[in-house]
Amino acid sequence: MAVIDQIARPDVTGRAARRSRGAPSGRPPWMDRPSPTMQALKVVVIAVIVLVMLYPFLYVIMFSFADGRSVTSGQLFPTSFSTAAYESIFAGGVVTRSLMVTAGITIVGTLLSLLFTSMLAYGLTRTRDVPFSKGAMVLVLCTMFFGAGIIPNYLLIKELGLLDSYWALILPGLISAFNMIVMRNFFMELPQELLESARIDGASEFRIFGSIVLPLSKAVLAVIALFYAVGYWNSFFNALLYINDTTKWPIQLVLNQYVVQGNAMSDLQAPDRPAPPAQTVQMAIVVVATVPILIVYPFAQRFFTKGVLTGAIKLSLIPIRRCRRYSSQNAEPPTKAPAP
Amino acid sequence: MSIEARDTEAPSLEQAVAGVPEESPTNPGAGGASRPRTRSRWQRMKREWQMYVFIVPGVAFFLLFAYVPLAGNVVAFQDYSAFRGVFDSQWVGLQNFANLFTDDEVLRAVVNTLVISFLQIVFAFPAPIILALFLNSLLGERIKRIIQTVVYLPHFISWVIVIAIWQKILGGAGPIAQLFDMIGVEGVNLMTNPETFKILLVSQVIWKDVGWGTIIFFAAISSIPTELYESAATDGAGSWRRMWHITLPGLVPVISLLLILTVGNVLTVGFEQLLLQQPAVGANAAQVLDTFVYFRGIAGGDWGLSAAAGLLKGVIATILVIFANRIAKRLGTGGIY
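Chains B and X, in that order, are what the protein sequence lines are.
When the first sequence is numbered by our numbering, its final residue is 564 and no position is left out of the sequence of numbers.
When the second sequence is numbered by our numbering, its final residue is 339 and no position is left out of the sequence of numbers.
No more than 27 angstroms apart at the CA atoms, straight line, and that leaves these computed lysine-lysine pairs for BS3-like:
no., chain 1, residue 1, chain 2, residue 2
1, X, K48, B, K358
2, B, K382, B, K472
3, X, K146, B, K266
If you're looking for bench data, these hints aren't it; they were derived computationally from the structure.
So here's chain B without its partners, still in its complex pose:
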């Protein structure tokens, strides 16, 4: 039953990770050898999946480096090469500025989100002996299954005077209840004896948090940081709602305006040279908006096979039950299975 409690089990010794490298692969002795037709079929299916998933990315990357003739001639692979599109978008216009805006929001937002999420997650680990922290937990959990709606959220930001402020892109998503719970479960799986002995030795909670909890939680911090960073980088709707000033637009809004909606990009081109074709410029914008994600993705990939993610996905299914379970819960003694 208690799957959730296994979420983000910290691998303090790293033993499991080391062993996984020697993971057995191939056919167990009892399994019959698959027929050649079956194997051929599987290879075809794999090829189709990989093609469908990757070719769109490849297409856009390749043709962002092509000149106009290649794009409109229906080639599957371009026969020309040109960096004119990139030169024009990096000439200091809208795209350059929006990339800097987005990078700033992503960095500041991710750091603040990590700080506040981990603080709250740690604060809620001791629901048994900190009065009202269980109530706080319920309060947070219940936000996972309702939202106030677009209009009330807009009105709040307006009343706070945050329209056209970068803070409107950071503050509303500062802490995700979901990420907070993933982190809290990880913290609770840390060896509590360690924290307890530090407490007995007179360490403050701040010291314990900074010198013991955080250093032991790098894996979960990395995953959550990735989730936040991707979220801030990709954030579109909040910007659409709250940012009217085009000089403050993040890259996703620029993409929407000039690529998805296809508006003219007169302000993108350097005045002293002929304009590169709109198609390639659009693809170049797509590429620069995607590349940062492609760069961090392999690092994050390492964690996908660990429990962090599996548990996290499962957790996302069950906000209500958790909400109710916590609210009906008394201070029961922990029912940890006795060690043999």
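Place chain X on chain B using the hints.
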């Protein structure tokens, strides 16, 4: 049935030795024994003041950004004007809600929402199950990893980028249109065709999230004991029969739980996805409840009416989700948590 959140690798030694803690939502071993609970609540609060430094900022955040806006829904009962603000706008009682039911666009949005949800459930919902079964049938760990890496990727790309990329491939200037051109069908633009738009939506959802959706099914598959397969094979069951009689039944609890929750979410369909593409295909094909609230309210200035639509949708959606959870629990599929 319980499904264990096991890694694809073997469980770690610590886990195996110590046993999996059954329900342990509270902190084992912290406080408790060493700190008697006889003191008054106030004394305990004073002693633990440091913990409140951790808790208070987060709770303040949730109060301000999740609970305060709930009160903003009063706009639904007002003839709100941005000039007058929430406090001075005129109260109109249930007039906005009454207007909702006579508004043709609301009806269209409801119909579109339900049709799209239905298509998602029929086509997008089973896709990750099929993919997970297929990947599970592959023997090589490395090839499995590589494909997983590839299929998870689009999940991390924003909808804006996904639609931009799809436009380049399927749009009027893309290779697909050129292909149609060559066989004599001119001017094919699958991105702006209202008739095929709903199919397009579902395909986009599958492309973006099919890989991500497999994670949960993998977790379920990995918890099926290998001995079952082994003894079935010894008894002469081929790989199809093993899949049909062992793997699929092992997935039934997760599938039914997910299905119920998906049905509970019928009123919510990919908001950004539709918002981005509505200008290209028109409101007839692409107006759903959430986009109605945005276009009518924020963009169109009809605040009261769209807030009423948002509030009604939010309340019904929450009830549906709670109800769906009840059913999931009643069916005994609670094993996932």
